[in-house]
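Asker: Given the coordinates of chain A, assemble chain B with the ligands onto it according to the supplied hints.
Heads up: the sequence lines are chains A and B, in that order.
Under the numbering used here, think of the first position of the first sequence as 1, with each following residue one higher.
Under the numbering used here, think of the first position of the second sequence as 1, with each following residue one higher.
FYI, nobody ran anything at the bench for these hints, they're computed from the structure.
One thing to keep in mind: the hints can contain errors.
Since the list gives no way to pick out one identical chain from another, each pair is judged satisfied if it fits inside one copy or across any two copies.
What the hints assert, rightly or not - Mimicking BS3-like on lysine-lysine, the simulated pairs with C-alpha atoms at most 25 Å apart in a straight line are: (1) Lys153 x Lys188; (2) Lys33 x Lys378; (3) Lys247 x Lys145; (4) Lys160 x Lys242; (5) Lys220 x Lys247; (6) Lys336 x Lys469; (7) Lys99 x Lys247; (8) Lys242 x Lys74; (9) Lys317 x Lys370.
Number of protein chains: 2
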Amino acid sequence: MKLKYVSTLVVSCFIAFSAVANNAPNFDDEDLKVAAQLRDKALDSSLDYDIVESLTTEVGPRMAGTPGDAAAVKWGVAKLEELGFDKVWTEPVTFPTWKRGVESAEVLSPYPQPLVITALGFSVATPEGGLSAEIIEFEDLEALKAAPADAAKGKIVFIKNRMERARDGSGYGPAVAARGQGASEAAKKGAVGILIRSIGTDSHRMAHTGVMRYEEGITKIPAAALSAPDADLLENMIRRGKPVTVKMTIGAKNGEEYTSHNVIGEITGSEKPEEYVIIGAHLDSWDLGTGALDDGAGIGITVAAAKLILDLPERPKRSIRVIMFANEEQGLIGGKAYAEAHKDDIKNIITAAESDFGAGKIWRIDSKVKPEAIPAVKQMADVMAPLGISYGNNNAGGGPDLIPLRGKGISVFSLRQDGTDYFDYHHTPNDTLDKVDPESLKQNTAAYVIFAYLSAQMNGDFGTGFNQK
Amino acid sequence: MKLKYVSTLVVSCFIAFSAVANNAPNFDDEDLKVAAQLRDKALDSSLDYDIVESLTTEVGPRMAGTPGDAAAVKWGVAKLEELGFDKVWTEPVTFPTWKRGVESAEVLSPYPQPLVITALGFSVATPEGGLSAEIIEFEDLEALKAAPADAAKGKIVFIKNRMERARDGSGYGPAVAARGQGASEAAKKGAVGILIRSIGTDSHRMAHTGVMRYEEGITKIPAAALSAPDADLLENMIRRGKPVTVKMTIGAKNGEEYTSHNVIGEITGSEKPEEYVIIGAHLDSWDLGTGALDDGAGIGITVAAAKLILDLPERPKRSIRVIMFANEEQGLIGGKAYAEAHKDDIKNIITAAESDFGAGKIWRIDSKVKPEAIPAVKQMADVMAPLGISYGNNNAGGGPDLIPLRGKGISVFSLRQDGTDYFDYHHTPNDTLDKVDPESLKQNTAAYVIFAYLSAQMNGDFGTGFNQK
Ligand SMILES: [Zn+2]
Ligand SMILES: [Zn+2]
Numbered sequence: 001m002k003l004k005y006v007s008t009l010v011v012s013c014f015i016a017f018s019a020v021a022n023n024a025p026n027f028d029d030e031d032l033k034v035a036a037q038l039r040d041k042a043l044d045s046s047l048d049y050d051i052v053e054s055l056t057t058e059v060g061p062r063m064a065g066t067p068g069d070a071a072a073v074k075w076g077v078a079k080l081e082e083l084g085f086d087k088v089w090t091e092p093v094t095f096p097t098w099k100r101g102v103e104s105a106e107v108l109s110p111y112p113q114p115l116v117i118t119a120l121g122f123s124v125a126t127p128e129g130g131l132s133a134e135i136i137e138f139e140d141l142e143a144l145k146a147a148p149a150d151a152a153k154g155k156i157v158f159i160k161n162r163m164e165r166a167r168d169g170s171g172y173g174p175a176v177a178a179r180g181q182g183a184s185e186a187a188k189k190g191a192v193g194i195l196i197r198s199i200g201t202d203s204h205r206m207a208h209t210g211v212m213r214y215e216e217g218i219t220k221i222p223a224a225a226l227s228a229p230d231a232d233l234l235e236n237m238i239r240r241g242k243p244v245t246v247k248m249t250i251g252a253k254n255g256e257e258y259t260s261h262n263v264i265g266e267i268t269g270s271e272k273p274e275e276y277v278i279i280g281a282h283l284d285s286w287d288l289g290t291g292a293l294d295d296g297a298g299i300g301i302t303v304a305a306a307k308l309i310l311d312l313p314e315r316p317k318r319s320i321r322v323i324m325f326a327n328e329e330q331g332l333i334g335g336k337a338y339a340e341a342h343k344d345d346i347k348n349i350i351t352a353a354e355s356d357f358g359a360g361k362i363w364r365i366d367s368k369v370k371p372e373a374i375p376a377v378k379q380m381a382d383v384m385a386p387l388g389i390s391y392g393n394n395n396a397g398g399g400p401d402l403i404p405l406r407g408k409g410i411s412v413f414s415l416r417q418d419g420t421d422y423f424d425y426h427h428t429p430n431d432t433l434d435k436v437d438p439e440s441l442k443q444n445t446a447a448y449v450i451f452a453y454l455s456a457q458m459n460g461d462f463g464t465g466f467n468q469k
Numbered sequence: 001m002k003l004k005y006v007s008t009l010v011v012s013c014f015i016a017f018s019a020v021a022n023n024a025p026n027f028d029d030e031d032l033k034v035a036a037q038l039r040d041k042a043l044d045s046s047l048d049y050d051i052v053e054s055l056t057t058e059v060g061p062r063m064a065g066t067p068g069d070a071a072a073v074k075w076g077v078a079k080l081e082e083l084g085f086d087k088v089w090t091e092p093v094t095f096p097t098w099k100r101g102v103e104s105a106e107v108l109s110p111y112p113q114p115l116v117i118t119a120l121g122f123s124v125a126t127p128e129g130g131l132s133a134e135i136i137e138f139e140d141l142e143a144l145k146a147a148p149a150d151a152a153k154g155k156i157v158f159i160k161n162r163m164e165r166a167r168d169g170s171g172y173g174p175a176v177a178a179r180g181q182g183a184s185e186a187a188k189k190g191a192v193g194i195l196i197r198s199i200g201t202d203s204h205r206m207a208h209t210g211v212m213r214y215e216e217g218i219t220k221i222p223a224a225a226l227s228a229p230d231a232d233l234l235e236n237m238i239r240r241g242k243p244v245t246v247k248m249t250i251g252a253k254n255g256e257e258y259t260s261h262n263v264i265g266e267i268t269g270s271e272k273p274e275e276y277v278i279i280g281a282h283l284d285s286w287d288l289g290t291g292a293l294d295d296g297a298g299i300g301i302t303v304a305a306a307k308l309i310l311d312l313p314e315r316p317k318r319s320i321r322v323i324m325f326a327n328e329e330q331g332l333i334g335g336k337a338y339a340e341a342h343k344d345d346i347k348n349i350i351t352a353a354e355s356d357f358g359a360g361k362i363w364r365i366d367s368k369v370k371p372e373a374i375p376a377v378k379q380m381a382d383v384m385a386p387l388g389i390s391y392g393n394n395n396a397g398g399g400p401d402l403i404p405l406r407g408k409g410i411s412v413f414s415l416r417q418d419g420t421d422y423f424d425y426h427h428t429p430n431d432t433l434d435k436v437d438p439e440s441l442k443q444n445t446a447a448y449v450i451f452a453y454l455s456a457q458m459n460g461d462f463g464t465g466f467n468q469k
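So that you can see chain A by itself, here it is in the shape it has in the complex (with noise of 0.2 Å):
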């Protein structure tokens, strides 16, 4: 049903009486008709690229836990006090902290060349002076699990699975566990180190980090992602026969428990300023490059949105929070963070979205809301189609920094983008300012300016008690 096509007084009738019936949210006309101007506005201003130009010019690199972090966090409260919010805080996020230090490798033997690598997150250093061995080679994390117990001893192991590419990105989830469990699996097996190919789409020059973890108990061996034409280097070395000897110097180490910080604006809501909507990102970064994709990107899509909403003449009947997650990339400590201080006020939330995905266009709405909210989602997507975006499904995560907040059943959005360049990028020294387009950034905003706003306005609601883990 498409309630434009009727007259507004039948319409507010029939709604009334619909909502009380069986449920359903929905959508007041002249908020439909807002929604679509603030649309517009969206694809008119550049306020969301300015914003990821100043952060990765003024910030740049932010890893959880370093100078940058501090850097941003501080950017980022005055960044939305600047733009005006109602409000605007931060809540205090812990987290043990993991240091890079040098981090080299080349082949001994048979053909001395050098490797380009780089510490994954949590790793542990190599001795003092490196540490050399013989590689072993396997084809992906199941073949290292299918080895015999002894397979790799006094080795290191070289997993040299690729990620393949896709538009909604589903090739990471297959490729990354090389990436999150070889150390531990390799341990098992006798290695004293390992080296994956990078989980990247990209042939470059440039390793992925990204964070790795130790089993309970098994011995903690370094671990460090090769570059894909290191990765094909050392496969063709290999292809020869003879042993292939490498020499890898990591000297990460973990740091001391260092306390960042959510940051948090919020448009206080005109009617039901208890309840809140989410949308948001996570303000940290890895350390190689300045973050623009993961997650500048994020940051200015969902504060450029908020921004047009503070700008209109009115306040939404509840309340907008833009948060800006601290460390997502080691574990999603500031969304942890956010649902443990929030827990007994999880019922307030509306729902949320988190825009953690690149620069790349929205093609698709998905939602995680009772089923009668449903034709509520799927107008609001009316007011997305065209910006090219249609409803998907009823099975949205929300996003990584969500996880916690879901787990404690709020409803949650994923505004689906095309992620088919987004690994060529991510967690590298290139992910950089000029990858992010800034057309397909307007887009983007346009459609969480959509979202955040009806979803501020709407009569009704999503539902909650998903708990989704």
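Answerer: Structure of chain B with the ligands alone, referenced to chain A:
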């Protein structure tokens, strides 16, 4: 005139007369037929790619004067012997060396961030501990030259000119002057260091190296290139109007004099063995990548082309020399050494062509021959036509290592490749095997084998005495 439409006997008589009459060289029909067969065999062989794979895997980076240089010479001799060349030898090439040391840079204020740089070849080092100074930005080299005498006093000059992308690489010349002359021009204005935007067409986080030269009598200041995203970043910081202070640390230094070798493989001619055709490429590379495009591709193409001729049942009339030139990158040293060593024998060089523009397809053949020979060149081009190659003009340069021989008067050919992407990778760590398209490489080999074979079989000659500078 297309000889192939006339009966063989008539043609032969006509050619003999014609050659005497107007000094025009020509080809026997049978040779044109064999050339076409060789072309088709080239398209069916992956020897070219296998050679590039072998060089980049077994040797890798081979900057002049490094252990990789020595390994490459050894590899070259072994490869030519393994392929069965009639004669394989080396000729000494002596030059001063330059060693890359540590290299790093960072913005100190107002927005502390690391910058990705690489030292330019022959740059001096910064003082131990680095050089910190305010940045002064110039549009291009001309703007720097036009500045007042003390314009850059005590500062680090930043030249931000961007290289234009073009199929024929024509953006390189205008842009690269900043790399070659920037340091001395900056020093004349009182600068203590120089950073240029990389001379390249990509936007990846890798800086492009390449040689620079200090002008006699001018203070030598350290010189480095910023990656394109880092140059963008610096521009964005400078635009904010506050002084930008950068620290650059370069540990480069001049090394000992070193003797490398040109590696030469000969197919010895059956009728006029003293006369020869040169095809070649340079064996050295920069140190950052594995030199797959620059100039492993040229080595693969020219060696594979010669191998096809070696595999014919009979030797060609004239000899063919494949020359792997030493140290092209730091001043065409191998090319100069060859020209000097063979200066009394220049008349025996029938013609020459060097492949040194990556692995893109050839789209045009240019010559520098006597006017009477142009019809023969067009016949050669006709055999290349199925490869998508047409005749261009009679202003060929022949390739960098042929400049010294050109100065002594030899005729040359340029088989012009599509270099649209060449400067995305040129002189960066990203110059690796994955950038080489095997199919394009075959097309190149097919063109070179036509050129080499027909030049060796030709009746008459291309002329000499051009003495191009
Ligand atoms: Zn992210
Ligand atoms: Zn070259």
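Asker: Confirm or reject each hint.
Answerer: Each hint, compared with the structure:
Proximity of Lys153 to Lys188 under the C-alpha cut-off of 25 Å is restricted to the intra-copy arrangement: shortest distance 9 Å within a copy versus 61 Å between copies. Within a single copy, Lys33 and Lys378 get their C-alpha atoms as close as 15 Å, which meets the 25 Å cut-off; across copies the closest is 69 Å, which misses it. Only within a single protomer do Lys247 and Lys145 lie at most 25 Å apart by alpha-carbon distance; the minimum there is 24 Å, versus 47 Å between protomers. In this assembly of identical chains, the alpha carbons of Lys160 and Lys242 lie at most 25 Å apart only when taken from the same copy (18 Å versus 47 Å across copies).
Taking the shortest alpha-carbon separations for Lys220 and Lys247, only the intra-copy value of 18 Å comes in at or below 25 Å, while the best inter-copy value is 37 Å. Taking the shortest alpha-carbon separations for Lys336 and Lys469, only the intra-copy value of 13 Å comes in at or below 25 Å, while the best inter-copy value is 70 Å. With identical chains, the CA atoms of Lys99 and Lys247 are at most 25 Å apart both within one copy (21 Å) and between copies (22 Å). Taking identical chains as interchangeable, the C-alpha atoms of Lys242 and Lys74 lie at most 25 Å apart only when they sit on different chains, with a minimum of 19 Å there against 54 Å within one chain.
Proximity of Lys317 and Lys370 under a CA criterion of 25 Å is satisfied intra-copy only: 21 Å inside one chain copy versus 85 Å between copies.
Checked against the numbered hints above, the structure violates none of them.
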